[in-house]
Amino acid sequence: MFRVTNDPIDLQDLLDYVGDPAAGAIATFIGTTRNNNEGRKVIALDYDGYPEMAEKELRRIGADAQTKWPICKMAIVHRLGPVQITEASVIIAVSAGHRDAAFAACRFAIEEIKKTVPIWKKEVYEGGEVWIGTQTGQPLPGRS
Amino acid sequence: MFRVTNDPIDLQDLLDYVGDPAAGAIATFIGTTRNNNEGRKVIALDYDGYPEMAEKELRRIGADAQTKWPICKMAIVHRLGPVQITEASVIIAVSAGHRDAAFAACRFAIEEIKKTVPIWKKEVYEGGEVWIGTQTGQPLPGRS
Amino acid sequence: MKVRVKFFAILREKVGAAEMTREISEGSTVADLWQALQKDYPKLDVPGIRLLYAVNQNYVKPDHALKDQDEVVFVPPVSGGN
Amino acid sequence: MKVRVKFFAILREKVGAAEMTREISEGSTVADLWQALQKDYPKLDVPGIRLLYAVNQNYVKPDHALKDQDEVVFVPPVSGGN
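Residue numbers (our numbering), protein chains in the order written: chain Z, 16 to 159; chain P, 16 to 159; chain U, 4 to 85; chain S, 4 to 85.
Please note that the accuracy of each hint is not assured.
[Claimed, not checked] Taking lysine-lysine and the DSBU-like style, the derived pairs with C-alpha atoms no more than 30 Å apart in a straight line are:
id, chain 1, residue 1, chain 2, residue 2
1, P, Lys130, S, Lys64
2, P, Lys130, S, Lys46
3, S, Lys17, S, Lys42
[What the hints assert, rightly or not] Non-contacting residues of chain Z with respect to chain U, defined by C-beta distances greater than 12 Å in every case (computed):
id, residue
4, Asp22
5, Ala78
6, Lys88
7, Ala119
8, Thr149
Since the hints were made in silico from the structure, they are not lab data.
Idealized CB from N, CA, C, for every residue including glycine.
Chain Z on its own, in the form it takes in the complex (with noise of 0.2 Å):
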């Protein structure tokens, strides 16, 4: 289950999709809007995608993620538009038979998305908005 989504995430329906019998263990992980950042007072987040190509990056990334370590199942679902304080915008769902495959995969999934899935996050702080990445110059970091 590798998808986005303008809703808001349900973690239950990744919880459902990784369940397997062969599974010991499941990690997740929620990246969730923070109320401030580089001190800044954060509104809101809001992403913008390309929802074909970042679904077909998701894919990409669960599939080295099978090639790399021995879990079962993966789920990743990452919102676009605006997201609310405490509330996710993206769930990866990793099930394993041991948790040393389920954790390195869950962290090895959101390191990825940060790096090449193709989705933007504009930052609305007190006093202004800004595209996170691109207001400073800084290096993109993967492939360039």
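Once you have looked at the hints, place chains P, U and S on chain Z.
Frame of chain Z; chains P, U and S shown alone:
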């Protein structure tokens, strides 16, 4: 939120507890009953526990994690009694400003639980049952 | 030949459009197309921005040669954060 | 003096009881109590088992001296697994 229970564990309870406006990351770990172990076909697991001391140790793990990483909140619930295939025996949830701390504290918690929390696992498999950790005389990790 | 260009995030805001069709000459690369676009839309020249190039939903190198009907996206830095 | 002993998991099964009160002499350590129990309940001598000792819900060393009314638990290997 650190407790043991005889009832099924509801992940949403833990997520509600750890939710925090200052959190950008929530890591969770769910330990589930796997249908096999070391070549045996597992029917169910049955957990025994020393509840007062188990909860005390869980609180100690939470306090240790708070001193080691900048986390917001942690919750751990461990189930006692029979736990069927795919059901959760333990759920950990950790919120933090950033994902490094959330992952590290979550991993720390499950490793500590398996070392020092007085909860015991009986494996009921096809053809018998065994208290895990006792059958082979293997050295007990942690203090001795 | 014609290609379709989609704009996202800061580039969509700069160019004021989500999508456009561009006429390009045979043998043009994605880097050529980007230069041509920057000429027509000077605001696209965001100081210090580092882009990736995607054609038909795959990342490609700057010297990737375009074909008729390709879907081209210039990918600004993705969401990042920690 | 008297202490309360609770048994869990494999030890509860071996001893056939979840809890008992034991009379012990002044200055007895938890290791002394364990030896005395093994004498009365030979099945408690599980081959190869490694125990932790807990008194009043804290782990203690084997030479920990018991006090009247202490709650003592012999902790077999905990759930483990990976």
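| task | Of all the hints given earlier, name the ones this structure violates by number, lowest first. | result | Number 8 only.
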